[in-house]
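Sequence lines, in order, name chains A and B.
If you're matching positions, the first sequence starts at 337 in this note's numbering and goes up one per residue.
If you're matching positions, the second sequence starts at 20 in this note's numbering and goes up one per residue.
Hints may be right or wrong, so weigh each one.
[Claimed, not checked] Computed list of lysine-lysine pairs in DSS-like fashion (alpha-carbon distance at most 25 Å, straight line): (1) B/Lys84 <-> A/Lys489; (2) A/Lys351 <-> B/Lys84; (3) B/Lys81 <-> A/Lys351.
It should be emphasised that the hints constitute simulated quantities derived from the structure, not laboratory data.
Remember, it's a predicted structure, so these values are computed and weren't measured experimentally.
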Amino acid sequence: MSSTRLVEVRRNILKQNDQVARELRDQFAAAEVTVISLVSSPGAGKTRLLEETLLRLRAQFAVAALVGDLATDNDARRLARSGAFVRQIVTGTVCHLEAAMVRDALVGWDWQSLDFLFIENVGNLVCPATFDLGESQRIVLFSVTEGEDKPLKYPTIFNTSDLAIITKIDLAEVVEFNRASAREAVRRVRPDMPLLEISAKTGQGMEEWQLYLEREHGRRATRKT
Amino acid sequence: MHELSIALNLIDGVIELAAGHPGTVRAVHIRLGARSGVVAEALESAFVIARHGTCLEHAELKVEKVPARGRCGECHTEYLLLSDAWVVCAVCGSPVCEVVGGRELEITALEMEDSHE
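Use the sequences and the hints to build the structure in full.
See the structure below:
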């Protein structure tokens, strides 16, 4: 004979990740490091944008990057050419970064003296939405070659991000990208979301992006360098 | 397919919670928000794989889906967000909306079975 009873409990399934993320966020705040994570589908131009961003910021700020990738350290090596400190996080078969991976990647180097730490997530617009990494801001990218309706197809990642960037804007005309309908798509999933149009290749929009980052950093920290 | 990561986290959580109660876990009740970024069907499949070899081998997963809710940024009316696209507030027409529900990803109850020989 057996009897079944219902035990009421309450626990966030991602309690562990959220706890680590909270600890990271506290540590970043205490050290006055502005942490920016970048998410996009594969090939949207995260690495290229980051390369240019590191180059531009390096003149005035202490910058570094963590790069998540399923395999290979190609992106990390590309980014290291900027002269910034870059550490690779190989996720193996995992399609997203988790807070513990970020925590582990911070061991053994002086990240506390940074102004900016960038985290490039694995190319994926679905899975990263669920995992808090303790970042100050999450930035979502989509390129003109992917079509205007990306935000409508992946609303959760847009809802959980702080800024949207349309990349490869120099190709907009060639691929007949409709800027108005892209803006409308972003507005429909998140009316108050700030939006930048950038070409890392031609430099279009890079200044505005840099100002955005400096403003973000200024809100949190007094400059260290 | 991050649902496998979620399922593993879920199982770790349940094992911890169940440790305080006698008996065997027969079912796990969870609440899953429409904007949690997790697909119920994929999580159910992942759970079947992830429970293998654990004390939840025979436990069932019962998912309660929670719709997303928004709160108007102007007049603070709360309403359901039934589609992924944003809506304007039915009361004041404002498009400014704060998501206040729908990110749920939580364990709410365990069905425990006492066996009497």
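>> Just to be careful, I want the Cα atoms of A/Lys351 and B/Lys84 compared with a cutoff of 25 Å; is the pair within it?
In response: 19 Å, holds
> Quick one, are B/Lys81 and A/Lys351 close enough, alpha carbons at most 25 Å?
Replying inline: OK: B/Lys81 and A/Lys351 at ~19 Å, within 25 Å.
> Regarding the pair B/Lys84 and A/Lys489, is the alpha-carbon distance no greater than 25 Å?
Replying inline: 20 Å, holds
Of the numbered hints given earlier, the model fails none.
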